[in-house]
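Student: Sequence:
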Amino acid sequence: MGSTQSKRRKKKEVVRGLREKVRMLEKEMREMIWIRESENETHQREIMVYSLKERKWRRERKRMREEVKRLRKMLEERERREKYYHDVDDGRKWEWQLVAAGTRHRTEEEEEEEEERARRDDAVERWKRLYLAIKVELDALILRTHQGTTSPFCSLDILNLNPWRERLHDRSEEELKEKLQRDMRAKEETIELLQAKIASMEQKESKRERE
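Just add 49 to wherever you are in the sequence shown, counting from 1, and you've got this note's numbering.
Please note that a few of the clues may not be correct.
[Unchecked claim] Computed spacing ranges between beta-carbons, pair by pair: (1) Arg107 x Met81: 50 to 56 Å; (2) Lys105 x Lys76: 55 to 61 Å; (3) Arg231 x Arg259: 38 to 44 Å; (4) Arg169 x Val117: 21 to 27 Å; (5) Gln93 x Met123: 43 to 49 Å; (6) Ile82 x Lys61: 57 to 63 Å; (7) Trp83 x Ala245: 47 to 53 Å.
Worth flagging that the hints you see were computed from the coordinates, not collected in a lab.
Note that the Cβ used here is the ideal one computed from N, Cα and C, for glycine as well.
Construct the complete structure from the given sequences, taking the supplied hints into account.
Tutor: Rendered as structure tokens:
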């Protein structure tokens, strides 16, 4: 009689131990799911921030290109005017040479024209330097973008990274889901085995008690 009770106690202890293992496994599964979901949310936030910065960089690049076009147009217009003034000045010089009959003395009007031309030359030169500085900066920016040395906000149109980023994003999510599903299946199988073992032991115990 005492031996039977001792066996029953041992079986109950085994059942309790198995149930505790099931609870621990279920807890581990919940923690694992929570961690995976947190990692996925973080990944989604990073992609969103990256996309926002990418759009901002594209807008800035478009603005810079428009500014360069505007400056180039202004420079071309100034060069056209400068050429016109230069041709006019040459014509005036020729006329003055005829009137002066070879004299080398400068008149007050010639000096004013010379000063005006010098001022125009200086203004045109400054615009040229500004245009060249902007062109050099843009060329350097485009070169760094091609070489992949710019910030993560670089244009995906230049690097053709849109398809790559989508594939990486899809693959990361797919791998995450597959790993999570494998882990969950393994835990579920273990739980099912333990539950089946517990049910079998309880049935045997109940049968013995009825007998």
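Student: Please go over all the hints and tell whether each is borne out by the structure.
Tutor: Cross-check of the supplied hints:
Evaluation of the 50 to 56 Å hint for Arg107 and Met81 yields a failure: the beta carbon distance comes to about 39 Å. Checked against the hint of 55 to 61 Å, the C-beta distance between Lys105 and Lys76 comes to roughly 44 Å, which is inconsistent with it. Hint check: Arg231 to Arg259, Cβ distance near 42 Å, so the stated range 38 to 44 Å holds. A hinted range of 21 to 27 Å holds for the C-beta pair Arg169 and Val117, which are about 23 Å apart.
In this structure, Gln93 and Met123 meet the distance hint of 43 to 49 Å, their C-beta atoms being roughly 46 Å apart. Between Ile82 and Lys61 the Cβ separation comes to about 32 Å, which falls outside the hinted range of 57 to 63 Å. Distance hint check: the CB atoms of Trp83 and Ala245 are about 27 Å apart, inconsistent with the given range 47 to 53 Å.
When the structure is compared with the earlier hints, violations turn up for hints 1, 2, 6 and 7 and for no others.
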